[in-house]
Amino acid sequence: MKAARFDYRRPATVAEAVAALVEDGAAKPVAGGQSLGPMLNLRLARPSTLVDVAKIPGLRRVEERADGVLYGAAITHAEFEDGVVPDPTPGFLARIAHGIAYRAVRNRGTVGGSLVHADPAADWPTTLTALGARVALAGPSGTRELALEDFLLGAFSTALEDGEIVTGVFVPRCSAGARFGYRKSCRKVGEFAEAMCAVLADDVRGVHRLVIGATEGRHIVVTEAKGVLADPRLLDERLASAGLAADPSTLRLHRKVISQAIEALNSESLPA
Amino acid sequence: MIPITLEVNGRPIEARVEPRQHLADFLREEMLLTATHLGCEHGVCGACTVLIDGAPARSCIAFPAMLDGARITTVEGLADDAVAGELREAFMDEHGLQCGFCTPGMLVMARDIVLRRPQADDDVIRHELAGNLCRCTGYVGIIRAIRKVAAGREAAVVTRGTVLTPPSYASPLSLPLSPAGRTPVDPPASAIALPAELSPDATPDDEPLHNPVELGESFEVPAPRATVWALFQSPEQVIACLPGARLTAPSDGRSLAAEMVVKLGPMQAAFGGTGRIVADPASWSGVIDGRGVDSRSATQLRARLAYRLDEAGEAPREATRVTVEVAYVMQGPLAQMSRGAIARDLAARLTQSFAANLAAHLKGEAPVAANASLDAGALAWSVVKGWLARLFGRG
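As they're listed, the protein sequences go chains A and B.
Going by my numbering, the first residue of the first sequence is number 1, and it counts up by one from there.
Going by my numbering, the first residue of the second sequence is number 1, and it counts up by one from there.
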């Protein structure tokens with residue numbers, strides 16, 4: 001199908017983008033358009049105006065700091081995959097990016113767009129939450145920063161206020177010996193996952209985090225995960241209260257993916 | 001409408017686009033580059049994959065309005081690409097296509113895979129190719145073809161941002177036409193005073209032609225420059241040298257109203273319109289701007305003929321070298337032909353006939369080709385023949 005009619009604006013700065021969104025409440029920001037594009041074509045989304053933020057210099061910036069890296073929201077998945085941006089983890093980001101959809105999508109889709117779209121079955125929301133990332137926001141009342149688990153409120157739902165956009169995402173630096181386990185179950189390579197789990201074990205920093213995605217709603221985030229890493233059955237109650245235990249096969253799939261992600265900590269993520 | 005500039009298969013394009021028009025529709029309907037196929041039209045099947053700035057992307061969920069300044073390469077633009085050539089061979093050898101609908105997207109993606117992932121094995125290829133669906137389920141042959149080409153490659157290449165060499169041969173399907181809608185249908189009023197019989201809504205304007213088809217011809221006529229110049233200042237005589245053309249009203253020497261009939265095979269068009277003549281005696285050059293409409297097909301034609309006269313031959317300089325440059329833009333149903341090699345050749349032959357008629361006229365002879373329209377006789381056949389010869393001449 002063809003998208004319904006919409007207007008198009010390409011502001012030069014974050015301030016202009018925010019102003020354009022404040023001016024027109026039915027406007028939507030767009031960057032790579034790899035999630036919004038299909039929704040436009042299917043006419044699931046009918047914004048009055050698209051505000052193109054993909055080329056705003058501030059959203060294409062990468063800033064390496066001692067404690068991590070701040071990525072502009074418009075950095076593409078392919079740029080992570082190809083390692084053209086610095087990685088504060090021992091190679092986790094490139095590995096995650098490689099598994100997102102298809103290369104043709106990764107070439108245009110952006111990390112900020114994925115977080116704003118907030119599909120619980122998408123790769124970045126689950127994995128970056130596990131890595132303890134924070135999003136940088138800019139809106140009519142200034143800028144602010146939120147931990148990703150506070151930003152992602154549920155399926156396709158975020159803490160973005162009217163006129164606010166994600167300008168970047170900050171990923172904290174891991175120790176060299178940090179380990180990361182990530183598993184997702186898809187019917188076909190590149191499809192959205194039916195179950196997914198990401199685990200970070202950074203003993204040096206004392207950080208152990210486990211995040212379950214592909215939930216019907218908000219991610220299941222365990223910030224002090226040492227206990228559940230030793231005994232994943234402790235998660236059963238969280239799975240049940242998230243409504244994932246109603247169907248036995250769904251529960252079994254989630255359990256399996258969780259245990260595989262935890263096992264992957266040992267098998268895959270030991271630094272060379 | 002959003003003004004954009006793009007490079008499509010190496011050719012700069014200026015266009016005004018509706019924001020809602022996606023890239024695949026723009027390529028297929030405005031550029032008439034129909035090798036890019038639309039399957040699902042929501043980013044799932046991969047049939048519409050093209051290269052944007054060297055990297056594959058889905059053209060059904062990319063919007064030209066957001067691609068200002070981008071370089072687009074369709075499978076037509078890979079005609080002379082060495083890797084794509086190897087893949088075409090391999091697809092043929094390994095039975096890599098059945099109905100062929102997914103093949104353009106498969107080829108664009110396959111090229112990217114073998115460049116980025118040399119030596120890729122079946123698992124890698126299957127993973128990388130997962131975004132391209134073949135409803136004939138002919139994956140085995142496709143994967144074998146890609147593996148064969150990947151096996152012969154050593155170093156990985158980052159494709160993002162690479163600039164491809166445009167094809168050297170502009171096939172009828174790879175010469176983008178100027179997109180419709182870029183020239184205002186109603187031209188602004190001209191500053192030039194017009195004779196009363198010319199309707200103002202057909203006034204030629206000073207707006208430059210966008211992405212025109214351009215032709216040049218240079219020839220010598222056996223007459224002194226002043227004689228040739230005098231002929232060029234007479235619209236009646238110039239028009240008489242143009243096959244199929246006639247004045248529809250007497251000309252005052254600064255503007256003209258004319259009709260020109262062009263026939264090619266089953267197609268016939270009669271372009272009626274007006275022109276403006278501007279001459280610069282100091283430089284022995286001039287320009288004739290014209291704009292016409294074929295009322296039957298509602299096809300619009302804008303054309304510009306620029307000429308320059310230079311003295312030639314031995315003293316006493318009894319010959320004149322005439323340099324003619326023709327540029328034209330066609331919009332509407334018949335525009336499909338204005339981008340193909342056939343139409344281009346037709347225009348080239350028109351220019352050649354014009355030159356021959358001019359020389360004959362100056363010698364006091366009858367026109368070489370009677371001033372009839374170019375119908376499907378010898379001229380059209382020679383156009384088709386020349387075109388076929390070039391097609392097969394490529395080997």
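What the hints contain is simulated information worked out from the structure, not anything from laboratory work.
Since this is a predicted model, take the numbers as computed values, not measurements.
Don't take every hint at face value.
[As the list claims (entries may be wrong)] If you only want the chain A side, here are some residues facing chain B, beta carbon under 7 Å, derived:
| # | residue |
| --- | --- |
| 1 | G37 |
| 2 | L42 |
| 3 | Y102 |
| 4 | S185 |
| 5 | C186 |
Virtual Cβ for every residue (Gly too), placed ideally from N, Cα, C.
Quick rundown of the hints versus the structure:
1. G37: 3 Å, holds
2. L42: Holds - the Cβ of L42(A) comes within 7 Å of chain B, reaching about 6 Å at its closest.
3. Y102: With a minimum Cβ separation of about 3 Å from chain B (threshold 7 Å), the hint on Y102(A) holds.
4. S185: Since the shortest Cβ distance to chain B is 15 Å, the answer is violated.
5. C186: 10 Å, violated
Of the numbered hints stated above, those contradicted by the structure are hints 4, 5, listed in ascending order.
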